[in-house]
Amino acid sequence: MTDLPSCRCFLEGDLVPGECILPEEESRHLTRVRRLGAGDRVRVLNGVGGEADARIVSVDRHHAVLEVEDVRQVPQSLPEVTLVMGALKQSAWDELLPHLVELGVSRLIRWQSRHAVSDIAQDKRTAKQRRWRERLIQASKQSANPWLPELCWADTQAELQTALPQDGRHLLASLSGTPIPFRDWKPGKVTQPLVAWVGPEGDFTQEEMDWICTNFDAESISLGRNILRAETAALALITLLRLG
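Under my numbering, the residue at position 207 of the sequence shown is numbered 207, and the numbers go up by one with no gaps.
Do not rely on the hints blindly, as some may be mistaken.
Listed below are the simulated EDC-like cross-link pairs for lysine to aspartate or glutamate, each with C-alpha atoms no more than 16 Å apart in a straight line [unchecked claim]: (1) K128 with E95; (2) K186 with E219; (3) K128 with D94; (4) K128 with E102; (5) K124 with D155; (6) K89 with D53; (7) K89 with E201.
The following label-pair restraints were derived from C-beta to C-beta distances [said to hold, decoys possible]: (8) R55 with Q161: 26 to 36 Å; (9) R242 with P181: 16 to 26 Å; (10) G49 with I227: 33 to 43 Å; (11) P165 with Q73: 17 to 27 Å; (12) T191 with G49: 45 to 55 Å; (13) R55 with E159: 43 to 53 Å; (14) T191 with G39: 43 to 53 Å; (15) L228 with Q166: 23 to 33 Å; (16) E12 with L78: 38 to 48 Å.
Rather than coming from a laboratory, the hints here were simulated on the basis of the structure. In this text, a Cβ means the ideal position worked out from N, Cα and C, and glycines have one as well.
Please model the entire structure based on the sequences and the hints provided.
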């Protein structure tokens, strides 16, 4: 792989060699914010593992034309990690999203659990999804990760079960009962997807935790004696899984 160009851009769809026109917003970022012009090189990402080196051929007031070269498909980080997260307030959710791209999370499921502090009306979800995807794209360009997490909604346990990987190994961040300290967790050779469960502020209810453990054979994991904010717990658990 060649050295990373200093600037990266995002282009939906399959990447193929040859000329392509960047969307106006991406073109504006390259030409007006980064002040690049014809002849400069960039890296193109598409969010589903595709990346390519490219050269800017020409620019005008609205669009940049690229000559795409050396297209590659980058495999996802293994094991694949799904995060099931109780819905957080908007500021915490917005802060969480880019870090999940940096850590290589494959899927994020927003579960409207009992103690969830944010409930987004159905008629506003499309706009929210678009805004969140923009944050994920910005994080992809910043971190050079060509994979965007799949973002799923789950209002009910039935919807949640549908969104989960079928053969995953489940870990539940927990403060109750006798959870295993993460340092003592023995993952062995993890080949199947991992599913990390982190409750909202106030945590999952006992009934929800019992349902998770019963239906998915989840292992309760302790992240230490201190009580962490929900977004901190999520990032701590994902980081530990990635470093393990």
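If you check each hint against the structure, which ones fail? 4, 6, 8, 12 and 16
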